[in-house]
Every structure is written in C-alpha cells, then in structure tokens.
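Chemist: With chain A held as given, fit chain B onto it using these hints.
Protein chains: 2
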Amino acid sequence: MEITYNYFDNSDAHLPPGFRFHPTDEELITYYLLKKVLDCNFTGRAIAEVDLNKCEPWELPAKAKMGEKEWYFFSLRDRKYPTGLRTNRATEAGYWKATGKDREIYSSKTCALVGMKKTLVFYRGRAPKGEKSNWVMHEYRLEGKFAYQYLSRSSKVFYIYHIHAHSYFIRHFSSV
Amino acid sequence: MEITYNYFDNSDAHLPPGFRFHPTDEELITYYLLKKVLDCNFTGRAIAEVDLNKCEPWELPAKAKMGEKEWYFFSLRDRKYPTGLRTNRATEAGYWKATGKDREIYSSKTCALVGMKKTLVFYRGRAPKGEKSNWVMHEYRLEGKFAYQYLSRSSKVFYIYHIHAHSYFIRHFSSV
Numbered sequence: 001m002e003i004t005y006n007y008f009d010n011s012d013a014h015l016p017p018g019f020r021f022h023p024t025d026e027e028l029i030t031y032y033l034l035k036k037v038l039d040c041n042f043t044g045r046a047i048a049e050v051d052l053n054k055c056e057p058w059e060l061p062a063k064a065k066m067g068e069k070e071w072y073f074f075s076l077r078d079r080k081y082p083t084g085l086r087t088n089r090a091t092e093a094g095y096w097k098a099t100g101k102d103r104e105i106y107s108s109k110t111c112a113l114v115g116m117k118k119t120l121v122f123y124r125g126r127a128p129k130g131e132k133s134n135w136v137m138h139e140y141r142l143e144g145k146f147a148y149q150y151l152s153r154s155s156k157v158f159y160i161y162h163i164h165a166h167s168y169f170i171r172h173f174s175s176v
Numbered sequence: 177m178e179i180t181y182n183y184f185d186n187s188d189a190h191l192p193p194g195f196r197f198h199p200t201d202e203e204l205i206t207y208y209l210l211k212k213v214l215d216c217n218f219t220g221r222a223i224a225e226v227d228l229n230k231c232e233p234w235e236l237p238a239k240a241k242m243g244e245k246e247w248y249f250f251s252l253r254d255r256k257y258p259t260g261l262r263t264n265r266a267t268e269a270g271y272w273k274a275t276g277k278d279r280e281i282y283s284s285k286t287c288a289l290v291g292m293k294k295t296l297v298f299y300r301g302r303a304p305k306g307e308k309s310n311w312v313m314h315e316y317r318l319e320g321k322f323a324y325q326y327l328s329r330s331s332k333v334f335y336i337y338h339i340h341a342h343s344y345f346i347r348h349f350s351s352v
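The listed protein sequences derive, respectively, from chains A and B.
The opening residue of the first sequence carries number 1 in my numbering; numbering runs sequentially from there.
The opening residue of the second sequence carries number 177 in my numbering; numbering runs sequentially from there.
So here's chain A without its partners, still in its complex pose (with noise of 0.2 Å):
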C-alpha cells in the first residue's frame, strides 16, 4: 500500500480524500465573486463559468469543476429587457424562480453588508404553469460597500450560483 504521496497536485481533478470544496457565503462573496468582478478572466479550482439561461440544471454537473452533490459556477447576468433592471432566469426547459427573502451577507472582520444571497427552486415549463422540480440554487451577488466600490453601470455583473438537487442536499449534509 503506498503511504506517502503529494497531497495537492496540480490536476483539476484531484483532491486527498475527505477535502472538499465547502465555502461560507462570505468566503464566495469577498473572495471568489469579488475577485470575478474585477477581473473576469479570473478562474479558480472550484467555480466554473456558464451560462446559466443555456443550461439546464440537469447539464450542470458535468460542466463543474468538482462537486459530488453540490456545484459552484460563476455566471454573468442576464437583464430579462435590455434596458430594466430584472434578471431572465429562463432556460429552454423552464425557469428560476425566487423562494423566500433574500439573505444580508455580511464581513466577519468589518461587520459591513458584502452581498445577498437568494435562494431559487427550477420550475419545468412556462410561468405560472411550470412544474415544480427538486433542483434549487442559491444566487450570490455584490451588495452595499463591495457593489457601491466595485460594480459600475458599464461592469460585466458576474453572480455565483450553489446548485444542488434538493433530495441529494439533505442526504449529504444529514450526515454530518
């Protein structure tokens, strides 16, 4: 049996047993989704980009970076008419839509709001007839001093996405 080995190699996808990818919402906000924005060349072990209205949910998981039940991915927004304010959470074979308010996220350190995160179930269909499905992901964006310093009218608006199909969420973490 071989005992000792390199931990960490350079392979997107290998990591010792046992290490995951388990961020805290402020870790995505002030670290990942922060850096993405002043940067959109910016790209990590974790997160992969996509575009969220061309995938289905059920595509997602082949194209994350890592991930056995749940997935990260930066995406950039996409304004549902080219001169309002709503986002078009539509793909071919349904919708997002919000549940829920959306949660303050706020710095450890400062105590200052850094973003919001808002939590979305995957209906199949048309609105309002779509079908409920066990697929839902929370939205992380910039807000208060990180958006009011960071994200101008003209800036390219990345979101990160958490997905996770709900009946898998509640085995893994159950667990614990």
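To be clear, the hints were calculated from the coordinates, so they are not data collected in a lab.
Even for Gly, the Cβ is constructed at its ideal location relative to N, Cα and C.
Misleading hints may appear alongside valid ones.
Residues from chain B that keep clear of chain A, each with C-beta distances beyond 12 Å, as calculated [claimed, not checked]:
{"hint": "1", "residue": "226"}
{"hint": "2", "residue": "242"}
{"hint": "3", "residue": "267"}
Each pair of labels, with its calculated beta carbon distance range [unchecked claim]:
{"hint": "4", "chain 1": "A", "residue 1": "97", "chain 2": "B", "residue 2": "275", "range": "34 to 44 Å"}
{"hint": "5", "chain 1": "A", "residue 1": "106", "chain 2": "B", "residue 2": "190", "range": "18 to 28 Å"}
{"hint": "6", "chain 1": "A", "residue 1": "40", "chain 2": "B", "residue 2": "214", "range": "45 to 55 Å"}
{"hint": "7", "chain 1": "B", "residue 1": "325", "chain 2": "A", "residue 2": "100", "range": "41 to 51 Å"}
{"hint": "8", "chain 1": "B", "residue 1": "333", "chain 2": "A", "residue 2": "100", "range": "43 to 53 Å"}
{"hint": "9", "chain 1": "A", "residue 1": "100", "chain 2": "B", "residue 2": "190", "range": "48 to 58 Å"}
{"hint": "10", "chain 1": "B", "residue 1": "235", "chain 2": "A", "residue 2": "110", "range": "23 to 33 Å"}
{"hint": "11", "chain 1": "A", "residue 1": "127", "chain 2": "B", "residue 2": "190", "range": "42 to 52 Å"}
{"hint": "12", "chain 1": "B", "residue 1": "277", "chain 2": "A", "residue 2": "51", "range": "41 to 51 Å"}
{"hint": "13", "chain 1": "A", "residue 1": "43", "chain 2": "B", "residue 2": "252", "range": "40 to 50 Å"}
{"hint": "14", "chain 1": "A", "residue 1": "78", "chain 2": "B", "residue 2": "239", "range": "18 to 28 Å"}
{"hint": "15", "chain 1": "B", "residue 1": "342", "chain 2": "A", "residue 2": "110", "range": "27 to 37 Å"}
{"hint": "16", "chain 1": "A", "residue 1": "76", "chain 2": "B", "residue 2": "276", "range": "40 to 50 Å"}
Modeler: Just chain B now, with coordinates in the frame of chain A:
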C-alpha cells in the same frame, strides 16, 4: 490584485478560501484510519496524533493540524486494565462518556461493514458525579472485514477522533 496563484502549496497551514477537510465517515475509516493502522508512521495534512488521555478537550484545537470549529486526531487506544477490553477515556480534569448507540459504517462500494462510530460527551470531574460539558467527539474504529483482515492481537490499535464544541458545531452547519 493577484489573480493566478498556486492553489495547493505544501505548507500545512494554507488552504485556498473555501476548501476544508470535511470527510465522510467512510473516508475516515477506509482511507485515513486504515492507513494509520497499517503503518503507525503514517501522517497526513489533516489529522494530528495525540494521546487523548493526556489532553483536555479545550487543549485539542491548538494541537490540531487544521480546522476552525472541528478537529480530527489519531489516538492509540488505551486499555483501562492491561488484560481487559475496556477503553480508558479519562483525562486529568474529567472523562469522555458514550452516549447513544454505536453507528455502523459501511463501504459504499462493497456494502461491507468497515467500521463503527461512537459518540462521546466530556464530563468534568469523576464518574458518576461529573458535570456535562459541551465538548462532543465521534470515535471511529475499524470493524468487520477491515478489523478481521488488518488488526491482530499485537497491533497498535488506533482510533480517529472528530471533536467539536457542541454550540460551535450547530452554528457552523446551520449556515449551510
């Protein structure tokens, strides 16, 4: 702002933001504990070796290799009496007491029983008058096929311990 960097360097302290040691029960048994039982010199980036009878729970975080609110350790089983099977789980300040039923850990590949998980709570003082604390740990041991194949009477019997203070743990995972 630095955009590209080496994600996994060789220092023990550094992991990129969001990456954590969050192993499943099966990974702890079939990977880390098995390696340690087969070679007592095995050492890894995530799990330090301690003598649990010589450490109070509140001293353990400083002895861990990584972890913010939960920590993993190898420890040799200390028999209560030289010829008996009971395990000594006393420290100078108190003792670890089992709670609930032991849980069986199965291989997801072969479905064979590979280990057991016991939950223990730390009490200050001496039994039966100890005062319950919020320190909790899970004890992992080889069992079934693995114990039969790899443990002999002369083996040094290592266990893995997963330790946390209860209020920390709840807070940590409720944010998921």
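Chemist: Please verify that the nearest CB of chain A lies beyond 12 Å from residue 226/B's CB.
Modeler: holds (18 Å)
Chemist: I want to verify a distance hint. Is the separation of the beta carbons of residue 127/A and residue 190/B within 42 to 52 Å?
Modeler: This hint holds: roughly 46 Å between Cβ atoms.
Chemist: Take the C-beta atom of residue 76/A and the C-beta atom of residue 276/B, compute their distance, and say whether it sits inside 40 to 50 Å.
Modeler: Because 49 Å falls inside the window, the suggested range holds.
Chemist: Mind verifying the non-interface call on residue 267/B? Its CB should be farther than 12 Å from each CB in chain A.
Modeler: Holds: least Cβ distance 26 Å, greater than 12 Å.
Chemist: Taking 27 to 37 Å as the hint, is the beta-carbon distance of residue 342/B and residue 110/A inside that range?
Modeler: Hint holds: Cβ distance 29 Å, inside 27 to 37 Å.
Chemist: Regarding residue 78/A and residue 239/B, is the given constraint of 18 to 28 Å on their beta-carbon distance met?
Modeler: Violated: the Cβ-Cβ distance is about 50 Å, outside 18 to 28 Å.
Chemist: Just tell me: holds or violated, for the beta carbon distance of residue 333/B and residue 100/A against 43 to 53 Å?
Modeler: holds (49 Å)
Chemist: Do the beta carbons of residue 325/B and residue 100/A sit within 41 to 51 Å of each other?
Modeler: Hint holds: Cβ distance 50 Å, inside 41 to 51 Å.
Chemist: Between the beta carbons of residue 40/A and residue 214/B, is the distance compatible with 45 to 55 Å?
Modeler: Given range 45 to 55 Å: holds, Cβ gap about 48 Å.
Chemist: Taking the closest pair, is the beta carbon of residue 242/B still more than 12 Å from chain A?
Modeler: Non-interface label on residue 242/B violated, nearest chain A Cβ at 10 Å vs cutoff 12 Å.
Chemist: Does the beta carbon distance between residue 100/A and residue 190/B stay inside 48 to 58 Å, or does it fall outside?
Modeler: Distance hint for residue 100/A, residue 190/B is violated at roughly 36 Å.
Chemist: Do the Cβ positions of residue 235/B and residue 110/A conform to the proposed distance bound of 23 to 33 Å?
Modeler: Distance hint for residue 235/B, residue 110/A holds at roughly 32 Å.
When held up to the earlier numbered hints, the structure conflicts with 2, 9, 14 and fits the remainder.
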